[in-house]
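Model the full assembly from the supplied sequences, consistent with the hints where possible.
Going by this note's numbering, the residue at position 12 of the sequence shown is 12; the numbering climbs one at a time, nothing skipped.
These aren't lab readings, by the way, just hints derived from the structure by calculation. The model shown is predicted, which means the values in this text are computed figures rather than measured ones. There's no promise every hint is true.
Restraint-style ranges between C-beta atoms, simulated for each label pair [claimed, not checked]: (1) Glu123 with Arg103: 22 to 32 Å; (2) Asp55 with Val15: 51 to 61 Å; (3) Arg25 with Asp55: 42 to 52 Å; (4) Ile121 with Ala88: 24 to 34 Å.
C-beta atoms are modelled at their ideal positions from N, C-alpha and C, and glycine is treated no differently.
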Amino acid sequence: MGRKIAVGFAAVFAVLLVISSVSYRATNQLIETTGLVTHSYAVLDQLSTVVALLDDAESAARGYVISGQHEFLEPYHAALRPLEDTMATLRDLTADNVHQQRRRDALEKLVQSKLELTARIVELRDSKVSTPRANSSRRETPRRSWTRYVR
Numbered sequence: 001m002g003r004k005i006a007v008g009f010a011a012v013f014a015v016l017l018v019i020s021s022v023s024y025r026a027t028n029q030l031i032e033t034t035g036l037v038t039h040s041y042a043v044l045d046q047l048s049t050v051v052a053l054l055d056d057a058e059s060a061a062r063g064y065v066i067s068g069q070h071e072f073l074e075p076y077h078a079a080l081r082p083l084e085d086t087m088a089t090l091r092d093l094t095a096d097n098v099h100q101q102r103r104r105d106a107l108e109k110l111v112q113s114k115l116e117l118t119a120r121i122v123e124l125r126d127s128k129v130s131t132p133r134a135n136s137s138r139r140e141t142p143r144r145s146w147t148r149y150v151r
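This is the structure in structure tokens:
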């Protein structure tokens, strides 16, 4: 009878060891997966920031081109400043993945070409002779003139 009890305790102990081992591995895998998901969200957040900054720069440049008011260039330049930092952060976040590095390199080229195009449009507007409509809109606030031109 004492032997049966010892075998029973040994069997229960073995089952507990197996369950503990499986739980430990599952917990470690969960922690690793959570880290990867957090990393992915950080990359997505930086990508969203890049898109938002490009939209801000493009909208501000478009407002300047339409109105001729230099006040519109302030948000344009304000959007350009953090864009480089955001791209650097994105570079750091994707340094551990070759596939992401290739995509990031392609994104950097697209961002650069978009910025060059936007800068070229602003330069063309700067070199253009002022129109009477642009001169008359200088009396308005930038927001009012933008709304008027959008309509």
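Looking at the structure, which of the earlier hints fail to hold? none
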